[in-house]
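Q: Fit chain G to the given chain P structure using the hints.
Residue numbers (our numbering), protein chains in the order written: chain P, 1 to 385; chain G, 1001 to 1385.
Because the hints were derived from the structure by calculation, they are not lab data.
Worth double-checking, as some hints may not be accurate.
Quick partial rundown of chain P residues pointing at chain G, CB under 10 angstroms, derived from the structure [as the list claims (entries may be wrong)]:
(1) Gly82
(2) Asn300
(3) Asn380
Note that the coordinates shown come from a computational prediction; the quantities given were computed from them, not determined experimentally.
We put the beta carbon where it would ideally sit given N, CA and C, even for glycine.
One-letter residues, chain by chain:
Number of protein chains: 2
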Amino acid sequence: MSVTAPAGFEAAGVAAGLKTTGKPDVAVVVNRGPRKVGAAVFTSNRAKANPIIWSQQVIADRVVEAVVLNSGGANCFTGSFGFQTTHQTAERAAELLGIGAGDVLVCSTGLIGTGDEVFRQKVLTGTAEAIAALSPDGGDDAAAAIMTTDTVAKTAVMHGDGWTIGGMAKGAGMLAPGLATMLVVLTTDADLDPLEADAALRAATGTTFDRLDSDGCMSTNDQVTLLANGASGVRPDLGAFRDALVSLCQELAVKLQGDAEGASHDITIEVRGAVSESDAVEVGRSVARNNLFKAAIFGNDPNWGRVLAAIGTTSAQFDPYDVDVSMNGVRVCTAGGPDRPREEVDLTPRATRVEIDLRVGEASAIILTNDLTHDYVHENSAYAS
Amino acid sequence: MSVTAPAGFEAAGVAAGLKTTGKPDVAVVVNRGPRKVGAAVFTSNRAKANPIIWSQQVIADRVVEAVVLNSGGANCFTGSFGFQTTHQTAERAAELLGIGAGDVLVCSTGLIGTGDEVFRQKVLTGTAEAIAALSPDGGDDAAAAIMTTDTVAKTAVMHGDGWTIGGMAKGAGMLAPGLATMLVVLTTDADLDPLEADAALRAATGTTFDRLDSDGCMSTNDQVTLLANGASGVRPDLGAFRDALVSLCQELAVKLQGDAEGASHDITIEVRGAVSESDAVEVGRSVARNNLFKAAIFGNDPNWGRVLAAIGTTSAQFDPYDVDVSMNGVRVCTAGGPDRPREEVDLTPRATRVEIDLRVGEASAIILTNDLTHDYVHENSAYAS
Chain P
1 MSVTAPAGFE
11 AAGVAAGLKT
21 TGKPDVAVVV
31 NRGPRKVGAA
41 VFTSNRAKAN
51 PIIWSQQVIA
61 DRVVEAVVLN
71 SGGANCFTGS
81 FGFQTTHQTA
91 ERAAELLGIG
101 AGDVLVCSTG
111 LIGTGDEVFR
121 QKVLTGTAEA
131 IAALSPDGGD
141 DAAAAIMTTD
151 TVAKTAVMHG
161 DGWTIGGMAK
171 GAGMLAPGLA
181 TMLVVLTTDA
191 DLDPLEADAA
201 LRAATGTTFD
211 RLDSDGCMST
221 NDQVTLLANG
231 ASGVRPDLGA
241 FRDALVSLCQ
251 ELAVKLQGDA
261 EGASHDITIE
271 VRGAVSESDA
281 VEVGRSVARN
291 NLFKAAIFGN
301 DPNWGRVLAA
311 IGTTSAQFDP
321 YDVDVSMNGV
331 RVCTAGGPDR
341 PREEVDLTPR
351 ATRVEIDLRV
361 GEASAIILTN
371 DLTHDYVHEN
381 SAYAS
Chain G
1001 MSVTAPAGFE
1011 AAGVAAGLKT
1021 TGKPDVAVVV
1031 NRGPRKVGAA
1041 VFTSNRAKAN
1051 PIIWSQQVIA
1061 DRVVEAVVLN
1071 SGGANCFTGS
1081 FGFQTTHQTA
1091 ERAAELLGIG
1101 AGDVLVCSTG
1111 LIGTGDEVFR
1121 QKVLTGTAEA
1131 IAALSPDGGD
1141 DAAAAIMTTD
1151 TVAKTAVMHG
1161 DGWTIGGMAK
1171 GAGMLAPGLA
1181 TMLVVLTTDA
1191 DLDPLEADAA
1201 LRAATGTTFD
1211 RLDSDGCMST
1221 NDQVTLLANG
1231 ASGVRPDLGA
1241 FRDALVSLCQ
1251 ELAVKLQGDA
1261 EGASHDITIE
1271 VRGAVSESDA
1281 VEVGRSVARN
1291 NLFKAAIFGN
1301 DPNWGRVLAA
1311 IGTTSAQFDP
1321 YDVDVSMNGV
1331 RVCTAGGPDR
1341 PREEVDLTPR
1351 ATRVEIDLRV
1361 GEASAIILTN
1371 DLTHDYVHEN
1381 SAYAS
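Isolated chain P (complex conformation) (with noise of 0.2 angstroms):
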């Protein structure tokens, strides 16, 4: 049901002929009242496409009543032309649904520069027939229709004391803090205040999809949305909601890196011990983010040698040999040297955990990440579409 299981949404996706093979491309979710709270993050890249230009002014006044999403081209790179596409996307969604353009968001992901005449009219037109074909039940349609080289649709629920939260996701590479093209469109038919729906988001994203580290590519076209509409007329205990957001994000982050392009491992890795969150997560970034590291996981090597190497090159605070490395709880490294014979730890499971205690503190830190493999780089020297 993804995005439809709340009371008070309908969602579509339907195939425009922006993919080659076919198959959907074009998803637009509506959030059908009472309120029209809406809440994004986008990504940190300094080169944003034209969907989220447009869409960081949609959400300033914190209303929004539809989302529009396709696949098959990012409309990044594409000049005036391709902003006048996301604007023209906007507009006539809005004078299909009888609303105001600028309550609608637009998402794109494809490749980066692809963004036509051609490209232009199956937005459009593919904007036009999901609206046709929204429905309550529309939510698998449109995860469905977001999906590039996902070889999977990635949708979440979860029900609170009165309530329901839904989300789909999309995102297979490039995926890395800030965030990574990754689609993510959330829905609640619980009643909460804009102020309210941006800090449960803020919050979730910060420690679930933010935390996500496949590949250290920052993409330009991530965007994050959570949209709620009241309809089950009931005010959810904030702490609860939160609770529930961070477990579906977290639910949803898993399964993108359980996806990610060409991975033949998960993994977590689970950094304490720190003097602070930030220097944990610096260091867990650091060590996801080296590939030496992930190209022995790939081949099942305990390399911790290469674990170290990466924590050396951050600013977080500990001592090079004084901190300890464990690889699906075998303590290969203490004090900065060898422990456990690297022969006792088995990395033929796809779930991977590396977990590192800096002994200086007390904080602590999960970073998710994949290995890098002979398919992660096929997929990355081929794609084109």
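A: Relative to the frame of chain P, chain G by itself:
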């Protein structure tokens, strides 16, 4: 001739059994004077190997009489036992050469975490054997003995007005600034003061080895050393000496790039139009470290969108919608939008040139990198020597 090209230097390389292949793995370079000037730069990784910790003490007085180098083991994260191994290596060399251990640099390269009693005895025996084999013609043997996954020995010689500079280098992976599993010994018979040697070395490495960023991974063992003995009796023109040293370092850096693990393209990234050199370096490095860009080049795909996405993650001054990008001479992006069709770009040659014009200033910089290939993943997932 490498390091023995200048007058007054002797070298040797021997097989001490550190490499399972039986190839040479211990090298010694000795400065026979009359002057014993030494300068060195070290990895900026905070996780430093034992030879780095030792050598940073040795270089403090800017007097160096000998360098002992081994491949087949990094002696990093091997605890106080490992530091004692380095210390004993310097003591053994000093005793046999009749000099002080405090004037003997030690360099190691190979697997991190390797450095047990067997390793120690092989290094000590190899050091004695290499000293027994010292010769004014031993430069090439020394260059061969420091190879790890290098497929060719890297040496270079430059002649000035009455003086000569020689050099040898190893490094094929973990190539990133600061510096990068790179061991380099440079020798000259020019008559230099210690501060002149230090300034010349820092200036030369800053624009050569420090701008080689093959895989973004910074090593724990990097060291670049310059030995100057004045044996030519010639006080060089300092400008001419610095220029020659830059040329020689650049020649070695290009050889390192050309032999980088698994690479199929040598990529020169030239950033122009920056407001400062540091901005240009930051932009070049960001592109050089973007796995998606590097995989695209492997696939001969001129994916300029990935170049702009990488630039967007920097703090450099620029407007994402006013950047030009050329690949192998074809302007594929003008002012942040598509220009010539990607089909016009021929990326089949190994030598690849990416030119980025930020159009906001006059500063420029060049970063050397490689593509991300199946062979890189393979070599670094199976690495265990």
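Q: Closer than 10 angstroms between Cβ atoms is the bar; does Gly82 of chain P clear it against chain G? Give me holds or violated.
A: holds, 8 angstroms
Q: Can Asn300 of chain P be said to touch chain G, with a Cβ gap under 10 angstroms?
A: holds, 8 angstroms
Q: Hold the hint about Asn380 of chain P up to the distance rule: shortest CB distance to chain G must be less than 10 angstroms.
A: Holds, about 4 angstroms.
Comparing the model with each earlier hint shows no violations; every hint is respected.
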